[in-house]
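> The residues making up each chain are set out below.
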Amino acid sequence: MKSAILVKRNEPREEDKRNQNQMSELRELAEAAGYEVLGELTQTRYPDRKFHLGRGKLDELAQIVADLVPDKVIFYNPLTTMQIYNISETCRCETIDKFQLILEIFATRATTHRSKLQVELARLEYELPRARAVISLLKKDERPGFMGLGGYEDSYAQDVKNRMIRIRKELETIKKDNESLRILRHSRGFSLLALAGYTNAGKSTLFNSLVDEEVTARDMLFTTLLPTTRSLNVGGRRVLLTDTVGFIEDLPHWMVDAFRSTLEEIFLADIVLLVVDASEPLETIRNKLLVCHQTMWDQMQDVSIVTVFNKKDLVCEEELHMKIQELSYLAPEPVAVSARNMDGFDELKSRIDNMLPVWERVSLSIPMSEEGMSLLAWIFDEGLVHSVDYGDNISVDFEAREKIISKAISMVEKLS
Amino acid sequence: MFDIIAVDISGRHKLHEEYLMVCAAVAASVTADHIEKVKQITIRTFRSKEAPDVHDVVKMVENTVSALKFKGTIVTESGDMYNKPQWVIDSMFFQDFKYQESMGERRCMEIAHHVSLGARKLLLKELEIH
Chain V
1 MKSAILVKRN EPREEDKRNQ NQMSELRELA EAAGYEVLGE LTQTRYPDRK FHLGRGKLDE
61 LAQIVADLVP DKVIFYNPLT TMQIYNISET CRCETIDKFQ LILEIFATRA TTHRSKLQVE
121 LARLEYELPR ARAVISLLKK DERPGFMGLG GYEDSYAQDV KNRMIRIRKE LETIKKDNES
181 LRILRHSRGF SLLALAGYTN AGKSTLFNSL VDEEVTARDM LFTTLLPTTR SLNVGGRRVL
241 LTDTVGFIED LPHWMVDAFR STLEEIFLAD IVLLVVDASE PLETIRNKLL VCHQTMWDQM
301 QDVSIVTVFN KKDLVCEEEL HMKIQELSYL APEPVAVSAR NMDGFDELKS RIDNMLPVWE
361 RVSLSIPMSE EGMSLLAWIF DEGLVHSVDY GDNISVDFEA REKIISKAIS MVEKLS
Chain G
417 MFDIIAVDIS GRHKLHEEYL MVCAAVAASV TADHIEKVKQ ITIRTFRSKE APDVHDVVKM
477 VENTVSALKF KGTIVTESGD MYNKPQWVID SMFFQDFKYQ ESMGERRCME IAHHVSLGAR
537 KLLLKELEIH
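Chains as they are written, first to last, in this note's numbering: chain V, 1 to 416; chain G, 417 to 546.
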């Protein structure tokens, strides 16, 4: 097992509780990436341009590294290339920051072609602004070209840019395929539901319980990296539920862009189920909800949100009620459920049912013929049939999307 | 539903040796995820030779908000208040104050931003300041 030492620089005058939460999140991230945490180090000060920490604290870190010999030193705070270089040189140990750690997790979990491309793109986006500095540090004494007038930096940065363009093009093709699949699902009468929320809120567990599926769900950050879609029956209507990747605090903009095609499942849904862990302290839930709002607000258009307070079995009724009340300005349409005990699902489903795009109800008389029967079978597939009466004609009373109804009416007219 | 007043200031940079600022306040009712109703918008202009500090910003915001007929919690971006902690800024205001949090508040801030930016551009064009 790989080992690491965690380091965090606290902002002066930042709340202690917040600092502790951020450190424990870094610890969970490190564990999710397969690191054994050998030690933790914090310092409260403004950042140092050269070493990020103070010089004395860095010497202390170097001593700890010499004693414990970890594989990596992981910083919570984002580091510049020069800082990474200086810290690595002083401690004689590979140094990474939180974003590189997240990329590492994503890289180990990426199994499909699409997710591998996304991870590669995110890595390149991270690398690009640093590429020039890294190369000039590595090739300090070497100058290429005639009389040493050339430079490696530009050609490497150009290489990175070219690779990014290639990956973006390929992702664009995959995105188009997914888009057409989404349009097809919409036109076939499915409404789209997406699970969103902070990482480790219990989205996959809720997904598994709702659709009776066995998607991997673990008490670990970023267990889900690829959206999975299954159908779900809500009040007789079939809706498609998608499990998605979780959000995390300070997720940089370039990373949201790289994983855009994954997040689009959320942005283009009809209803978003925003999952929060009700068992956590109020302030933690508030911070996590804030991160979700921050990540989603700019991209979402006309999407209804249902806030699912998961793990209700772990809190008492009074406390849960208080939390829902206190967070009402951040949590629209709150519903409390327990994904593990499958408790509260009826209320959740009825809430979803109320918010689904409206279906109209009509009665049609279809001629009794082979074509008429196949039309009836199609109506059964696309809508919700309330009653069928087989006489000289077939009288069918059903509910469906407007598009389906007008298509059915035109087909009946054609048949008769 | 929550009554808020989203406030944004445009032009906090030097132009011809002075700061030409436009402050827009949007009174609205919002829910957690959308704007229910925009009730009123006011705009005020401010000129200064010096860069505005937190106290100046608070004064500008209060001045603009006082022209509204509706009451509500004042909401701004944290950058507008130099990223000072919320309790520090809250103590400077007579009304309730908070930083933007929910989607509804952010959408309302977006309106305030477009109004102040658009109004400033129009003013500069009319006054032929380039």
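Don't take every hint at face value.
To be verified - Calculated pairs, SDA-like style, for lysine to any residue (alpha carbon to alpha carbon, straight line, at most 20 angstroms): (1) K453(G) - R13(V); (2) K485(G) - I459(G); (3) K500(G) - G54(V).
Claimed, not checked - Pairwise CB distance ranges (calculated): (4) P129(V) - H530(G): 48 to 58 angstroms; (5) L538(G) - G56(V): 34 to 44 angstroms; (6) D302(V) - H530(G): 11 to 21 angstroms.
As the list claims (entries may be wrong) - Calculated from the model, a selection of chain G residues having no Cβ within reach of chain V, i.e. all distances over 12 angstroms: (7) A448; (8) T458; (9) P501; (10) K514; (11) Y515; (12) E517.
These are computed hints drawn from the structure, not numbers from a lab. The beta carbon of each residue, even a glycine, is placed where N, CA and C say it ideally should be.
> So which of the earlier hints does this model not fit?
1, 3, 4, 5, 7, 9, 10, 11, 12
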